[in-house]
Structures are given as C-alpha cells and as structure tokens.
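Undergrad: Each chain is listed here by its residues.
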Amino acid sequence: MVAAKTGNGEAHSSEAFTRLYSPRKIDGSFTGKHIVTVEQFSYLDLQDLFQLALSLRERVRQGDRSLIEIGAGKVMATLFYEASTRTDMSFQAAMHRLGGAVVSTSGGVQFSSVYKGENLADTLRAVGCYADVIVLRHPDVGSSYEAAYYLDKLHTRLDRHPVIVSGGDGIGEHPTQALLDLFTITDYKNGIDNLTVTMVGDLRNGRTVHSLSKLIAQYEAKNVTFCFVSPDILQMPAYIQDFLVQRGYQVHQTSELDEVLATSDVIYWTRVQEERFANPADYEAIRDHFVMTPEVLSRAKSDAILMHPLPRKHEMGTQSDHDVLDEDPRAVYFGQMENGMFVRMALLAKVLGLAGA
Amino acid sequence: MVAAKTGNGEAHSSEAFTRLYSPRKIDGSFTGKHIVTVEQFSYLDLQDLFQLALSLRERVRQGDRSLIEIGAGKVMATLFYEASTRTDMSFQAAMHRLGGAVVSTSGGVQFSSVYKGENLADTLRAVGCYADVIVLRHPDVGSSYEAAYYLDKLHTRLDRHPVIVSGGDGIGEHPTQALLDLFTITDYKNGIDNLTVTMVGDLRNGRTVHSLSKLIAQYEAKNVTFCFVSPDILQMPAYIQDFLVQRGYQVHQTSELDEVLATSDVIYWTRVQEERFANPADYEAIRDHFVMTPEVLSRAKSDAILMHPLPRKHEMGTQSDHDVLDEDPRAVYFGQMENGMFVRMALLAKVLGLAGA
Amino acid sequence: MVAAKTGNGEAHSSEAFTRLYSPRKIDGSFTGKHIVTVEQFSYLDLQDLFQLALSLRERVRQGDRSLIEIGAGKVMATLFYEASTRTDMSFQAAMHRLGGAVVSTSGGVQFSSVYKGENLADTLRAVGCYADVIVLRHPDVGSSYEAAYYLDKLHTRLDRHPVIVSGGDGIGEHPTQALLDLFTITDYKNGIDNLTVTMVGDLRNGRTVHSLSKLIAQYEAKNVTFCFVSPDILQMPAYIQDFLVQRGYQVHQTSELDEVLATSDVIYWTRVQEERFANPADYEAIRDHFVMTPEVLSRAKSDAILMHPLPRKHEMGTQSDHDVLDEDPRAVYFGQMENGMFVRMALLAKVLGLAGA
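Residue numbers (the working numbering), protein chains in the order written: chain A, 1 to 357; chain B, 1 to 357; chain C, 1 to 357.
These are computed hints drawn from the structure, not numbers from a lab. Not one of these hints is a red herring.
With a cut-off of at most 25 Å between alpha-carbon atoms, the simulated DSS-like pairs for lysine-lysine come out as follows:
1. Lys189(C) / Lys301(C)
2. Lys189(C) / Lys153(A)
3. Lys222(B) / Lys301(B)
4. Lys350(A) / Lys214(A)
5. Lys214(B) / Lys25(B)
6. Lys301(A) / Lys153(B)
7. Lys301(A) / Lys189(A)
8. Lys153(B) / Lys189(A)
9. Lys313(B) / Lys153(C)
10. Lys189(B) / Lys222(B)
11. Lys214(C) / Lys25(C)
12. Lys25(C) / Lys350(C)
13. Lys214(B) / Lys189(B)
14. Lys153(B) / Lys313(A)
15. Lys153(A) / Lys301(C)
16. Lys189(B) / Lys153(C)
17. Lys25(C) / Lys153(C)
18. Lys301(C) / Lys222(C)
19. Lys189(C) / Lys214(C)
20. Lys313(C) / Lys153(A)
21. Lys25(B) / Lys153(B)
22. Lys313(B) / Lys301(B)
23. Lys350(B) / Lys25(B)
24. Lys33(B) / Lys350(B)
25. Lys33(C) / Lys350(C)
26. Lys153(C) / Lys301(B)
27. Lys301(A) / Lys313(A)
Taking CB as the label site, the calculated pair distances span:
28. Leu44(B) / Glu58(A): 33 to 43 Å
29. Gln62(C) / Tyr43(A): 34 to 44 Å
30. Arg65(B) / Glu274(A): 50 to 60 Å
31. Gly356(B) / Arg61(A): 18 to 28 Å
32. Leu44(B) / Arg61(A): 31 to 41 Å
From the three backbone atoms N, C-alpha and C, an ideal C-beta is built for every residue, glycine too.
Modelling step: build the complete structure from the supplied sequences, incorporating the hints.
TA: Structure representation (structure tokens):
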C-alpha cells in the first residue's frame, strides 16, 4: 500500500488521493467495493444495477413489505460536509426502504468534531467503526478517494470493511447523479441507442454533464449524438469531447440552442451562473439564451424529455414558467428525482451484498 | 386545477394558497388526505381518531411489539423551517413507534438547498419523491396549503401520492396541537360536555387557542362555557367569539382571572409576550396578572386541569414555582405533551391508511 | 424527594444536582437505572456488562440478524448540547444494531426551543414523554444528575419511566467512555491484573483519565501500577491519587515519560492544551515531551497497547506520524473506538431490560 506522505509530514490534499487510490472496477461484483467514480462501471454492471432498480421500484409501488428484510440490521452513515437535500434525503429514504438504519451527526457535520479540527481521514474511520456503508458529500475534489483509501487502511486493523459511496466531491464527481440520469434516459426512452442527447448550460464546470457523458459511453450506447450547448467560455472540456469522438460518437458544439433543439431526444438542462463571468455585461448578453421556458419547450420534439438535476432557479424562468413546464409530459425531472431513490436502493443493496434484493 | 399564477410571473405568497387550495374534509376517511386545518374534522372523525389514540396508548404502555408492524416500510420526512422540539420529536417518535422510518435534512433545513434559494414548492416535491408522509413546519401562513397544492400536482405526474401533515404554519394553524389539546381534555375530564373552559394569555395572536376553540365547537361539545382571559389589547378575535356564540356557546371575556378561576374546569395557560406592547409600562402593568403560580392554582377547583402547550417561561413563575406546580395533580401539561405522541401516531396511521392500527 | 429550590426561586445550577441526586448503584440489576457516573458499577456489574458486549460484538461480526429483535419497538433520543461525533454516532449505531429507533432534534439542539430559553429540566421531560432512553451530552457538570432527578419526577406523574444515559457532562464525567476504555484494556490484554497503566497528558482536567482510574479500582484489578505523566501544573488530582493508594495500588507521578515508557503495558495518551498555560513559554518548554510519534512508540514494550480517546491533534504529531502509528499493532485506538459501540449496545440493552441480548 502506498503511504500518503509528503516530505514535511503534512497531509496530502484530498485531490492527491485521486492518484494514490485506484478504485476497483465493479466487473460483475459490487459487494464491498467503494463507489467513487463512474469509471468503475461497465455496460454489464450498469445493466445489472438498472435491472435491480426497476425491480425495486416495482416492489415499492406495490407496497411489498418484504423489502425491509433486505437491509435489516445494516447501518448507513451520512457524512455531509455541505448541503444537498436531494442526495441526502434520497439516500436516507433508499436505505430505510430496504429496512436498514441511518445514522448521522446531530446538527450536521458543521456542528461536529470536524469543526474542532479533526481531519477527514480520522472522522471517516470513526464513522467506519460504526457503520456498514458511508455516504460522503464533501466540497473537496478527491475526498471520496481519500475516504476509500483510509477505510481500506482501517480494514487492515479491524474485522470490518465498511464501504464508501460518494455523494459528490466538489467539482469532481457525483457518480450516483450520473447513474440516475442514465437510468432515467433508458427508462423514459426505452434505451439510449440512436438518440440525440443535448446538454445545455455551464458545461465546463458541471460535473453532472461530464459524468453523464462518460457514463453513456461506458454504457456502450450505439449511435448516440451529443450536442453541447453553452456560452463560449463554458464549453464542455476538450478531453471529454475527444473521449467521445474516439469512442465513435458524433459531437456537436454550439452556443445556439435552436441549432439542435428540434432534433433532440434528451434535453439535459443546467444553470449558467453569473459568477462565472468576469464581466457582468458578458453574462447579460447570453443570459436569456439559457433560460428554459414553456415557449422554448414548445419547439422541442413531442417525444423529447426535459431533464434537470435540480434545484432550479432562473434558468427555468419564473415560478409561473415552472408551473406550466411541470405540467408538460416532456418534463421528466420529478421522475428523474424519484428514480434517484430507486437507483440508490439498488446500489446500496449491491455494495452491501444484500440477499433478497 | 387552478394554476397559481400572478400577472408578473412571480410566485404567489404562501398565504394566497389558503384561497387557492381547499383541503378535503375527512368525512369518515383519512387515507391519503393532507392535514392542514382543524376545519377538516367532524365529530365522528375526531371520535374515530381519539379512539385510535387511546388504543395505541394502551398498546405502547403494555409494550405491545406488534405495533411496529403497522407502519413497517413507510417513510416519513420532517421538513422544519423553524425549531419546534416537541412537535418534531413527538412526530418522529410517533412514526418510529408504528415501525416506520424517518428522514430529515442533516443539519436542519437551514443547512440545505432551501438556503441556496430553492422555493418551498420544489423542496416539497423533492421530499415528496422519497417519502410517504411529510411533516412540515414553516413560519409562513398558508405554507401547508401550498405544500398540499404542489403535492397534488406531483401526484398527477408520478405514481405516488405523499401526504402533508402540518406541524404549524406561522401564526396560522397548528392542527395537531389542537387535536392533542382536545384529546387531553376528553381524556382527563371524561368528555367535554358541560365544562367551563378558560383560556388565558395572548388570545389575539395565539393560534393554539384559536384552533382549540374551533375544534371544541366542531366536536359538538354540549353546554361548554368559554372564558377568555387576556389583556385588553390581546383579546380573542371577534370572528372566533362570534363563531362560538352562533354555535350556541356561552362566551365570557375578561381581563381578570379571578372572575372565572374558581369555576373553571379546564385552565389553558399561554404566555403574554412583552414585545406585543408598544409601551413597556403597559406590559409591566398587567404582567403579574398573567403568571400562574402555586398560589393562583390553589384557588382553582380541586378537579380542574391546568394545561399549557409548552415551552413555558416566566408565565409560570420561577423554577421553584414550576417544581411545586409540577407536583400538583391538576397540572396535566406533561400528560398533554405525551398525548401529543399518541394522537400523532393515530393520525399518521390513519392518513397512511395503515392496517393493524 | 428533596425539592431543588433556592431561596430566591431561581433554579439550582446543574452542579448542585450532584448533591441533590444520588444515583442508584447497579448492584446486579441495570434495568430502569439512570447511568450518570462510574461509581454506580461494581466488579460484578462490569463483568456482566463486558460479557454482554463481547457476545454482542461476536453476533454483529457474524451478521446475526436476530439482533434487531432485541430492541425492536424501543425509542432512544439523543440530546446533544455540544458536539461529539463519536459519542453521538456510536450511540445511534448501537441502538440501531439492536433494532431500536432513534429520534433527535432536527438541526441539533442549538436550533431548538432550548435556544428560545427553555431550561434543561423542561426539555428533558419533553423528550422523556416520547423516548424510552435519552442520551444527554451537555457542557455543564451535573447536568446528567439534574436530568435523572427530573425524569424521576416525571415518573411520578406519568405511566412511563425513561432512563438517562450520560454522554458526558462538561469536565464532570463521561461514564461510557470509561467503560469502553476499561473494556478495551481487558479485551486486548486479557484482563488487567498485574499491568502497568500509564496515563499521559493533561491529567488535571481530563475527565477521561479520572473516570478510568476510578473504574479500574472498582473493577478490583489486582496489582495494577498507575503511572501518571503530566506537566507539573496538570497533575492527576490528589483525591484520585489518594483513592488509588488507599485501595492498595502503586502510583507513580512524573513529568518524564521515559521514566515509565519501557515498562508500561497500557499507554493512554491525551492532549495537553496550550490554553491551560498562562505563559506561552511554559507551554513551549514542555510541548514536545507530550507528543506521541513512531519514534516514541518504538521505545515501548512490544506488547504494549497505545490508547487515545480521540479526536487527536498535534499530540500525535503530523499526518505522516498518524499514518505510521496507525499501522503499528500496538495502536489500538480504532479498536477502542469500535468497542465503544459494543459497550453502548450492551449498556442500552441492560438499562432497557431487553430480552434476547
């Protein structure tokens, strides 16, 4: 095991652990594996996971009470160093719907010993002494890698092997968001082959769209066309575009939604934040091109789906715009959100190696 | 469905939803109905609910472990936009005693995406994607109506129908407090007919006493006399007094407790807050008339009951006064508090349509 | 029952309740007893508790799902007035692993009615109306005594008898920490007779080392030698040293670790805080003598154990030092931490009188 040392005895940054720690591929077996990146999943792994998510969703809808036998006796801890209502609550609900228990710091992490100066490595191992699976949300890139690294070290000392599931690490990755996004596409469009997938907004900084793009490729989707619509300074990074092209996908990059709106099957909407622009005038110049409204949606295909990771602000217009959009059958973001719970149920059941799921 | 729009596309205030949304009467069936106001309950509904609360209380006291099969597999979310230890914890304990699970935002709502600017309608629907019942506490009047309105909209899109139970909305309503208060009266006094019910304190702003007054009338209590004791500027609103008179009840209004103390069967004590008085001298002039002490209680009927919604401050004197009052058999506020859990158990079981309760 | 009054009607300080309230000895029966001090436990009680902790640990490790039948239907409340990730989460996990439920104030106590001015006595009884066992963490000495006192008063009014388990009260006591510490010594060293137990750091203010010292004596350990290593101004209080000497133990006091390091079987490390020193130069002069590093540990016996209550800071050197120490078989602080959960499971099962444990 490579020790995480630096010359002066100071801790590595979390980011350094993306190099020190190599997450294990799922490769047909989820049990006991930390989930830190979408790169761990192959087509078959995803099929396997989505199959289970569908089955669990059906059982929840039918009120199948035997579900709670699946995770009975297991303990999940949530460790959220920043707020995320959706990720937090959907993981909690997922664990509970499997019959498992959830522990968290009363009052949130900000009211805990972390704020008395304990580092992530130690807090993580404390929680690892009590829980079977830990959901970590942390603002630093690489924090979930660091968590996995130190939990493996703990395993060498104690007769227990808790797993970490990333709930998002800063501008790094948010793997379960990508999983639920891909699941939602396959769910509403009966697969993903031959679709035109359009992503709109801040594609440079949006980890959501980065991870989803990669995951679609790993899902071995056939004949998908990617359309990336963003302000010029917020384009999808070249390394992701190159990756997709190398995998044989068509990639269109533009700042004009209308170039691709009418032919898009999937419209994945995200926010453009004013603070990304050094000059406010530059933001004002493009702002209105990145607002989804009922009028914009009216020009999309009748069987397109409109996705959004939520929460949403002005990028979906006013509250009145929301109210109209929300009634449109193409707006699937609530179903997308609910799918998050089912995908997380499936993932928890699999990494914990639970029978009966 | 009436859309919640205004001309300029801005969101309605929560308060507007008290007009846009009409809560369904219980009318013999609780299942799937949002609970936002005491006006939903008829005499028979209340009888039904209180019967169940009594039965559940008995089973809890006997340590009946089959209770936890009632709500097994169900998920309640708490969404508290302001603090309320009693309401929060008693709902949590109620759900757990039925065997259900509870999710909440780690660190409270103030540490969540709400504080990144998401509106109630969206947060509510996020939680509605994960939970079967949501307990909402919010400082804005009408917020529970707004919640019900948007959850019904969510229902039209997803195959799920979570219900909201109000945990209090500002100076508006706090229906479960009124339910537990009425239950407590019937519990300790074997019914409510022919009683003199005296409410003391700030009756103008106290939602607790407003709701309880209305609920007593809806319970079709016979021959109840209401005594409202308050400073002149904090009297019970005329519309509630009129409502009671129209229902045939005797109503006495006074600022002198001694006029009614010796004949009261139920003494419901609440706080008078200094900040309600523009002139501090006005407050000082009446302050001592609205402090319950052992000496005051000694002048009450021997079988009267003293209630208080708690928490209490100086309106029950010093800590020494508390210690003496708490030993008095007439002081039933701890029993009242405990009853809150049993009434909430009954209500949760009923709105979730749980068998075995 | 002695009433807790003062002449002017003001509340007693929490500290006064250490005189007003006498905790009941366990004396062979834990059921229904508040746990506020290590002084409640005899040798046989400790044997009994540790036996159960061992058995529960074995069952958790084997994945025995019948564990969750032990506490099914029981409700634990956590009431933390200050942060303590380890104590909080390990109690939560302990209760869940027994199948019980946990309630807490959403957003922590600081976001609750406590901060609207409610006193501990009232908050405690509110929670006591809902829960079967309450874990209280509070910065004031005597707060757990006060809690026990008022819960007993509540018991005289309601048909319920919740118990309090102290999770630490300021610089007073932290009984479950002492229990898990003693359990860990007996666990790793197969008993405690004939050992040399060395405690290092701020022994004047460290409740952990005070309680552990007393508990070792109550455990009737034979032929234990206590070595107390501290800066001169932070020595173990005389009353504890006297107590140990009277019980027939050898006690060595020194400011030089090297006098005792090579003969110590148990090394219990704690932090020396700069703020204890009026003169920063005094702190600087001794600082480096109270830092555990791999180099220091290399001079300890090969079968010694290094314990620490955690969290740790500079008293275990740099992150690199941590990484090396953590790999040393003598460093047992992670096992110590995990044992905390098993000891708390045993204690909860016993005070709740649960069958099947």
